[in-house]
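Here is how the chains run, residue by residue.
Number of protein chains: 2
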Amino acid sequence: MSFIPLLPGSLSGPPAERSDAARNRERLLGAARELIAECGADALTMDRLAERAGVGKGTAFRRFGSRAGLMMTLLSDSEAAFQARFMFGPPPLGPGAPGLERLIAFGAARIAYVMVHGDLVRAAESTAHGRYEVPAALLWQRHIEFLLREAGMDADPFLMAMSLSATLDPDRLLHAVRVQGVAPERLTESWRELVTRVVSGR
Amino acid sequence: MSFIPLLPGSLSGPPAERSDAARNRERLLGAARELIAECGADALTMDRLAERAGVGKGTAFRRFGSRAGLMMTLLSDSEAAFQARFMFGPPPLGPGAPGLERLIAFGAARIAYVMVHGDLVRAAESTAHGRYEVPAALLWQRHIEFLLREAGMDADPFLMAMSLSATLDPDRLLHAVRVQGVAPERLTESWRELVTRVVSGR
DNA sequence: ATATTAATCGGACTGCGGTCCGTTTAGTCC
DNA sequence: GGACTAAACGGACCGCAGTCCGATTAATAT
Chain A
1 MSFIPLLPGS LSGPPAERSD AARNRERLLG AARELIAECG ADALTMDRLA ERAGVGKGTA
61 FRRFGSRAGL MMTLLSDSEA AFQARFMFGP PPLGPGAPGL ERLIAFGAAR IAYVMVHGDL
121 VRAAESTAHG RYEVPAALLW QRHIEFLLRE AGMDADPFLM AMSLSATLDP DRLLHAVRVQ
181 GVAPERLTES WRELVTRVVS GR
Chain B
1 MSFIPLLPGS LSGPPAERSD AARNRERLLG AARELIAECG ADALTMDRLA ERAGVGKGTA
61 FRRFGSRAGL MMTLLSDSEA AFQARFMFGP PPLGPGAPGL ERLIAFGAAR IAYVMVHGDL
121 VRAAESTAHG RYEVPAALLW QRHIEFLLRE AGMDADPFLM AMSLSATLDP DRLLHAVRVQ
181 GVAPERLTES WRELVTRVVS GR
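Chains as they are written, first to last, in the working numbering: chain A, 1 to 202; chain B, 1 to 202.
Please keep in mind that the hints were generated in silico from the structure rather than gathered at the bench.
Since this is a predicted model, take the numbers as computed values, not measurements.
Take the hints with a grain of salt, since some may be wrong.
Sample of chain B residues facing chain A (criterion: CB under 10 Å; computed from the structure) [stated by the list, open to error]:
hint	residue
1	M160
2	L168
3	D171
Residues from chain A that keep clear of chain B, each with C-beta distances beyond 10 Å, as calculated [stated by the list, open to error]:
hint	residue
4	R25
5	A97
6	G130
7	R142
8	A155
9	A166
10	H175
Have a look at the derived ranges for each label pair, beta carbon to beta carbon [to be verified]:
hint	chain 1	residue 1	chain 2	residue 2	range
11	B	M87	A	E189	27 to 35 Å
12	A	D42	B	R33	28 to 36 Å
13	A	A16	B	D77	54 to 62 Å
14	A	M87	B	A112	33 to 41 Å
15	B	A43	A	P135	25 to 33 Å
16	B	E101	A	R149	22 to 30 Å
17	B	G69	A	R33	30 to 38 Å
18	A	R149	B	R33	45 to 53 Å
Even glycine gets a Cβ: it sits at the ideal position worked out from N, Cα and C.
Using the sequences provided together with the hints, build the complete structure.
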């Protein structure tokens, strides 16, 4: 008679990670955080990362798939927290407030988020095939679409959500602030104007 | 006594191009058009281009600066024509119609333009430093800003123009059509809704 | 024609993201 | 402990955009 193994396998997760793989992942994440703290996210190359972590280059790619995948992993904590805030948190960001107010709050929060995690977000989205397939971006867009419907917008909420997402594109936001010298509060205010007009439009 | 040379120099242009340089530029442009016709713009690499043109790689870069520069050169004719249409052409695209109608027409024309020259436009904008510094994109954004003012928009026309430009971003438009299967007419209609609400807003 | 000079030429070179594949090793079963 | 296997390892390798610099050549002055 044999007992059913409790931990690895069977409980429908990834079939457990080998110890050396786990160790190397931690090494790589640590090295990545070090390098970013020292030289910024833009200067992080996969070669340097592997060298710093004392690991082969192939290992770095097998763990994270790509440079963008690594960046997403580094962001995942703060990103999950952000998602939790607008999906389950207190109003006006979370449920409980009218759609328009939630939209305004969402844009403001996203702008603030991008101002903090800018380079990381940009690096995470700069994947060759499909900048718009990034799960987080899709979720945000669907959230905007939902809020638009909630606020009574009837004209093609799907494409309207796409347009509004484009406005919140990290690349554009960072360019406006860092190159054109636009104050973040001005971005927030403009977003408020935009969604107000779109929702209560015509 | 010596006459002032008529052609090269003096008349404040680029100091004339050497004959071999001109010949190589034509060769490169021809080869580029061939390769794009055969395999599409995405498959055009600077190595293949130089090889096909029977020219060194360095020459290709000196002539056009970068891959994006080459693409811009290839587009310059149709782009100039497009600019002429909305700056000097007949209404509603050109001057003579109310601001809002010109805005609507502009978006429609730009969407149509991107549907035709899609890959080339995308390749021309995918320059490492500054996707938003591309002269044509700047001109479009300023044109939108001007039309917004014309239509009586008072709330931060600069940033509103930026948002609307983001909606017309070639990358996003092509993704919507080619990956998500959105019909171009639907994009045009959504643009009409968007600018109408933004202009006559609140 | 010859000399001068400055622009052009071409291909070797760099750094990058990403892939491949022969080798090593962790976990398991006896 | 020893044999087995599937996974992980690592670094050589690829294609790419872009740079560099010694060799070449077109235009000009003599």
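So which hints don't hold here, by number, going up?
6, 8, 9, 10
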